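Engineer: Given next are the chains, with one letter for each unit.
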Amino acid sequence: MIVFLARRLVFMLLTMLAVSIILFAMLEVNVESIAVRVLGAYSTDTQREIWLEANGYLRPIYVRYIEWLGNFLVGDFGESTRFNTRVADILWPRLGNTGLLALFTFGIMIPISLTLGVFAGMREGSRTDRSITFLSVITTSVPEFASAVLLSFIFVFWLGILPGTSGFTDGFSLREMILPVMVLIIYDFGYVARMTRASMAEVMQSPYIRTAVLKGLPYRRVVMRHALRNALIAPFTVIVLQINWLLSGVIVVEYFFAYKGFGALLLEAALNNDIDLIQACAMIAVIVAVGTQTIADIGYTYLNPRIRFT
Amino acid sequence: MTDQTFETGPGGAEERRPNALIRGLKTLALLRESWMASIGIGIVIFWVLVAILAPVLAPYPYEQQIGPLVNAEPGTCAEPDRPYFTDEGMERTTGDECYLLGGDNLGRDILSRIIWGARPILIWAPLATLLAYTAGIFLGLLAGYKRGWLDDILSRVSDIILSFPVLVLYVVLITVVGRSNINILLAVTFASAPGIMRIVRGLVLDLRNRDYVAAAQTRGESSWYIMFVEILPNARGPLIVDACLRLGYTIITLGVLGFLGLGLPPPDPNWGNLIAENRTVALTSPQSVVFPCIAISSLVLGLNMLADGLREISLKD
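Read top to bottom, the protein sequences are chains A and B. Numbering of the first sequence is given in the working numbering, commencing with residue 1 and proceeding in unit increments. Numbering of the second sequence is given in the working numbering, commencing with residue 311 and proceeding in unit increments.
Don't read these hints as lab results, they were simulated from the structure. Model, not experiment: these values are computed from the prediction. Among the hints, erroneous ones may be present.
[Stated by the list, open to error] Capping the alpha-carbon separation at 20 Å, the derived lysine to any residue pairs in SDA-like fashion look like this:
#	chain 1	residue 1	chain 2	residue 2
1	A	Lys260	B	Gly571
2	A	Lys260	A	Thr169
3	A	Lys260	B	Asp552
Let the sequences and hints guide you as you build the complete structure.
Structural biologist: And the structure:
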């Protein structure tokens, strides 16, 4: 078990390292273009040269990478040209806001999708199953920006009961959380529900469930005590991996609702060529993604003893 | 080498080939078994026809701005004798200019823009998916059939690319390479080929131990022949379902990129751009964003229903 954990953790760190190299190389291998981005297209060659020299961009790329990595590890993410402040000062509060959004989303999405999935998979091919499957096909087909538009059309334009932006200008407000959370749930719950359904349907067909039913146990008890335990192993992984999808989803949702979160920050950095900020944001996103993948792996192995630790 | 002695070998495949058209029709007829698949293919065909017939269907050129119809509500007509500008100079409205779905923030016909917008989506999304599939199938076959160090390297690299949150990867890639059609094509390929590779590899790992592969190996066929002629056609079922889903997802991606201002460059009327351009007036004249949203959602829904129906049909067999 310890060997397995150690291997997973080492692999996780190696992946993060590899990703950081790729990210750094993509963004910084062409120093000339960095100068153009920062100084503008109408700067002269001499100006660019001086700027590059002054900011240490003329050193070899691996020296710069090691320096960047060292700074990153101690929490010094560099300076943001867009916000004229240290990246760390703006990044952490934004990350907190996104965490809050994710907390609300998962807190509501997980019970809904697990319940729907279990009900659908309980009797495969039943009317409930078909309706839930169809519903999830529809909701996963509507892109986040489209459901954001449609929901704000209904609740903001038409009914006028919810605010259209979620900038928290007057401090935290629950009403401003409703629409962003709703959009994220609508796009994500279908996938989790379908995975739960597939897992539940598979378990319901296994011999031990048939034995339990034929033994004359009440159906409720068979589902609650026998089936659920095994059926919920696969959805666990899916739910943890949803965090990766959520990181994509928050970019759209935060941008649309002007929510001051991490995704909107990354986008703003990208649109304004704020190199240090892009690097820090992308790196944090990857750390979260790779970290959750490792947790999903370890958790799955822990929950499913049939998988040997190798 | 006598081909005739192998009934399931390449000779057998060639004998069946004249029936390809009939087999294709039979496959289409199979779709009727699932109402989901039928509706799905119906929606997809509808949008393909719209894209092809855009010059006939669109009531106005998609860039035509008629000033008096800025942010017009659906179904409104311009008041007669109001001035507006075209490429040729100033013109006056006759009162016959009617926008069925309303006008956008520059006075362009939303209906025409949606009709024309089907084209870039239905050209670039399938192209990107095709490119990603070509790369993914090639690498997946290599990794799954050759195994060894090649498999290790390819799997590790794909793990690393897949560990990126997709949209973060797109945002970074497009920041670096700039927004143009080709760059978006390459970015989509780069981001989705590893996923396809993983699926193909999994299928190949299962198929490479079949008897017909062993037979081909004994005949002394080259590994390319075995990979592409023996293994690939037998892996097509799951791949077709995945392709439908992935095409839908690519369409969403193009829409999202357009919406975020990173997509196909303007004045392209792709649906994501339409929503992005009118975002500022979304709450005062919602028709300019609601209709493109319905368009893109319905197309993706069609593809997802098709994929779901196909999977259902394939499970029945």
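Engineer: Hint by hint, say whether it matches the structure.
Structural biologist: Outcome of the hint check:
1. Lys260/A <-> Gly571/B: holds, 18 Å
2. Lys260/A <-> Thr169/A: holds, 10 Å
3. Lys260/A <-> Asp552/B: violated, 36 Å
Violation of the numbered hints given earlier is confined to hint 3; every other hint is satisfied by the structure.
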